[in-house]
Amino acid sequence: MSRILVFVEHTAGEAERLSLEALVLAGSLTAATGGAVEAILVGPGAAEAGIGLGVHGVRTAHVVADDRLGSYAPAAWAAAIAELIEARSPVAVIAGGSDRGNEVLAHVAARTGRPMAANVVDVSVGDPWRLTRQRWAGSLLEDAQFDADVHLLTVAPHVIPVDESAVGPVGAPAIAISPYAPTVRDRDLVGRVTGREAPDVGAISLAEAKVVVGGGRGVGSAEAFATLEELAGLLGGAVGGSRVVTSAGWRPHSDQIGQTGLRIAPDLYVACGISGAIQHIVGCKAAKRILAINTDPDSPIMGVADYAVIGDLHQVVPAITAEIRRRAAGRPPRPTMEVTRSTPPGREPG
Amino acid sequence: MEILVCVKRVPATGGRIVLTPDGQEIDTRYLGFTVSPHEECAVEEAVRIVEAQGGSSAVLTLGPVATEEQLRDAMAVGIDRAILLETDGREFDPVATAAAIVETIRAQEATHGPFDLLLFGNEAADTGDFQVGIRVAVALDRPIVTGIKSLTVLDGTIVARREAPGGGWETYELPLPAVVSVKEGLNLPRYPSVPGRLRAKRKEIERFAPAWSQAGPLKLGLRLPEEQGAQVEILGRGPNAAPAVVDLLVRIGVLAS
Ligand SMILES: Cc1cc2nc3c(=O)[nH]c(=O)nc-3n(C[C@H](O)[C@H](O)[C@H](O)COP(=O)(O)OP(=O)(O)OC[C@H]3O[C@@H](n4cnc5c(N)ncnc54)[C@H](O)[C@@H]3O)c2cc1C
Chain A
1 MSRILVFVEH
11 TAGEAERLSL
21 EALVLAGSLT
31 AATGGAVEAI
41 LVGPGAAEAG
51 IGLGVHGVRT
61 AHVVADDRLG
71 SYAPAAWAAA
81 IAELIEARSP
91 VAVIAGGSDR
101 GNEVLAHVAA
111 RTGRPMAANV
121 VDVSVGDPWR
131 LTRQRWAGSL
141 LEDAQFDADV
151 HLLTVAPHVI
161 PVDESAVGPV
171 GAPAIAISPY
181 APTVRDRDLV
191 GRVTGREAPD
201 VGAISLAEAK
211 VVVGGGRGVG
221 SAEAFATLEE
231 LAGLLGGAVG
241 GSRVVTSAGW
251 RPHSDQIGQT
261 GLRIAPDLYV
271 ACGISGAIQH
281 IVGCKAAKRI
291 LAINTDPDSP
301 IMGVADYAVI
311 GDLHQVVPAI
321 TAEIRRRAAG
331 RPPRPTMEVT
341 RSTPPGREPG
Chain B
351 MEILVCVKRV
361 PATGGRIVLT
371 PDGQEIDTRY
381 LGFTVSPHEE
391 CAVEEAVRIV
401 EAQGGSSAVL
411 TLGPVATEEQ
421 LRDAMAVGID
431 RAILLETDGR
441 EFDPVATAAA
451 IVETIRAQEA
461 THGPFDLLLF
471 GNEAADTGDF
481 QVGIRVAVAL
491 DRPIVTGIKS
501 LTVLDGTIVA
511 RREAPGGGWE
521 TYELPLPAVV
531 SVKEGLNLPR
541 YPSVPGRLRA
551 KRKEIERFAP
561 AWSQAGPLKL
571 GLRLPEEQGA
581 QVEILGRGPN
591 AAPAVVDLLV
601 RIGVLAS
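Same order as they appear, the protein sequences are chains A and B.
Position 191 of the first sequence, counted from 1, bears residue number 191 in the numbering used here, the numbering being contiguous throughout.
Position 188 of the second sequence, counted from 1, bears residue number 538 in the numbering used here, the numbering being contiguous throughout.
One side only, chain B facing chain A, incomplete, derived with CB under 10 Å:
hint, residue
1, Arg366
2, Pro387
3, His388
4, Asp443
5, Gly516
6, Glu520
7, Lys533
8, Pro567
9, Val604
Listed next, the in silico DSSO-like pairs over lysine-lysine satisfying Cα-Cα at most 30 Å (straight line):
hint, chain 1, residue 1, chain 2, residue 2
10, A, Lys210, A, Lys285
11, A, Lys210, A, Lys288
12, A, Lys285, B, Lys499
13, A, Lys210, B, Lys499
14, A, Lys285, B, Lys569
Among the chain A residues that face chain B by a calculated CB cut under 7 Å, a handful are:
hint, residue
15, Arg111
16, Ala117
17, Ala118
18, Trp136
19, Asp143
20, Gly195
21, Arg196
22, Ala277
23, Ala305
Quick caveat, the hints were computed from the structure, so don't treat them as lab data.
If you're wondering where the values come from, they're calculated on a predicted model, not measured in any experiment.
Glycine included, C-beta positions come from ideal geometry on N, C-alpha and C.
Assemble the whole structure, with the sequences as input and the hints as a guide.
Set out below in structure tokens:
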């Protein structure tokens with residue numbers, strides 16, 4: 001029987017979205033091969049989260065029960081999964097493409113001496129298995145052959161759709177909760193979470209903002225971000241930027257959008273003076289709409305933007321904020337001359 | 351503190367990726383090369399720790415002979431010495447890469463004494479395998495933390511912080527020797543100075559030639575994801591486009607009319 005184990009992360013008794021994506025992939029594989037999907041859950045609230053997995057095609061949830069694993073300890077969590085691999089002989093173990101999913105599965109791979117494929121988007125079961133995985137954070141796809149007795153995979157985030165209607169206890173199939181007491185070695189507990197700090201509250205977080213105004217090299221200085229801040233403020237949004245602006249110290253790294261920064265999915269992303277390098281685009285392509293403001297009509301951002309203004313952001317952005325304020329005050333349009341005069345001194349009009 | 355930093359040379363692809371006709375590689379003929387921003391931060395952190403606490407730092411990479419460039423970049427900002435695991439250009443999978451690094455670390459430690467800290471980037475920029483650092487740590491039986499964005503080295507221990515799922519931070523404390531994989535944001539890397547570059551140019555690079563092997567997923571080919579193909583709508587040129595932009599903001603519901 002081709003059983004598949006899925007490492008399910010959870011908070012407050014609910015499975016994480018990326019783990020549900022892993023369950024969808026596991027479900028599609030067992031549908032093709034016959035066999036069942038079994039979940040592995042660790043930490044406080046595991047049993048509660050396990051019960052909710054019936055609607056996601058899980059028949060058995062292994063709940064790892066040991067208080068020493070209550071705090072996240074990747075090596076120890078992986079040791080428990082490695083034991084369950086021995087006990088259940090699955091053909092695959094799948095995790096979501098989160099920091100923890102990748103980390104725990106890499107520990108499983110390392111300690112059991114098996115290969116692992118990260119950021120998988122598609123699998124076809126055969127002899128050997130074939131898979132497609134992301135490179136360059138999704139800017140490139142790799143087709144590969146994957147030969148292993150137990151296939152260890154993580155699923156690239158936000159590629160596999162989750163059936164949101166599959167929620168709620170109504171008609172949820174019964175699920176067996178199977179407590180599992182792992183062997184816990186002290187040395188696997190050395191790397192574990194010993195403290196937590198709550199997120200800052202107050203300011204609109206870049207990750208959650210509905211509108212993001214992003215600035216790139218074209219903004220030119222830390223001070224010049226003031227006009228982007230003003231526009232973001234009027235739209236109830238947040239300001240972000242490209243790597244050029246964080247490397248230059250114009251903005252903190254926490255504002256960086258892209259492969260080695262944040263992935264955002266706002267309703268609108270306004271990309272000001274950003275060329276659209278692939279490493280930036282992977283961070284903002286989930287935006288519903290992209291508006292580019294750029295002097296160069298041939299810059300790569302035009303290939304991904306839905307709307308564009310060709311022009312100098314130092315003129316265009318203040319003109320947009322002025323227009324928003326004018327309409328809010330119910331005033332007639334300003335003559336163009338006045339807008340041009342709001343350009344900072346020393347800059348060539350675009 | 352004795353520190354080893356492991357980095358990977360990758361093409362600095364810009365606005366789009368072009369593949370070779372056989373679909374096996376990125377066409378790098380017109381591209382420069384770099385290391386991941388995560389690894390730039392690992393290099394900077396090693397230099398800062400040694401500046402503050404004494405000791406020495408080394409940088410290691412596995413790649414073709416041209417990868418010398420990335421080793422010299424690291425030495426130009428203050429890394430003391432460099433080790434090249436020279437390949438014939440074939441891609442090493444993460445299992446083979448980790449095995450070659452482990453073998454080298456054992457040999458280095460036998461001659462130079464133990465490393466207190468091994469630093470990696472959280473994931474390679476190109477292949478994004480998320481596992482080489484962990485495989486090395488497990489093989490050497492040293493504790494590892496990954497995804498680190500703040501690191502404090504105390505006497506014999508480190509305190510490391512990373513972003514917690516759902517926001518905020520989580521803290522780890524590890525005894526040394528330890529392995530840490532880091533993310534961009536850990537620090538703001540310095541630019542190399544001209545004297546730094548000159549010094550780096552003259553330094554010897556230790557070279558080894560690890561055997562190629564294959565255990566991980568076997569690459570069959572590369573391809574570009576399908577483009578969404580949306581046609582950009584030009585709203586206007588210069589500040590005169592402002593009314594059209596504001597009309598759009600209202601139309602898509604991000605601004606009340
Ligand atoms: C492994 C790796 C990871 C990376 N990770 C990231 C990442 O996470 N995030 C990220 O952003 N980058 C990342 N990068 C860097 C990326 O490749 C680009 O270098 C970077 O995104 C370019 O930033 P930019 O668009 O601001 O600058 P540029 O590419 O220099 O573009 C500036 C743009 O501004 C326009 N412009 C100039 N002046 C004006 C003006 N006055 N008005 C309007 N437009 C103007 C220009 O026409 C141009 O299009 C990474 C690179 C590598 C190799």
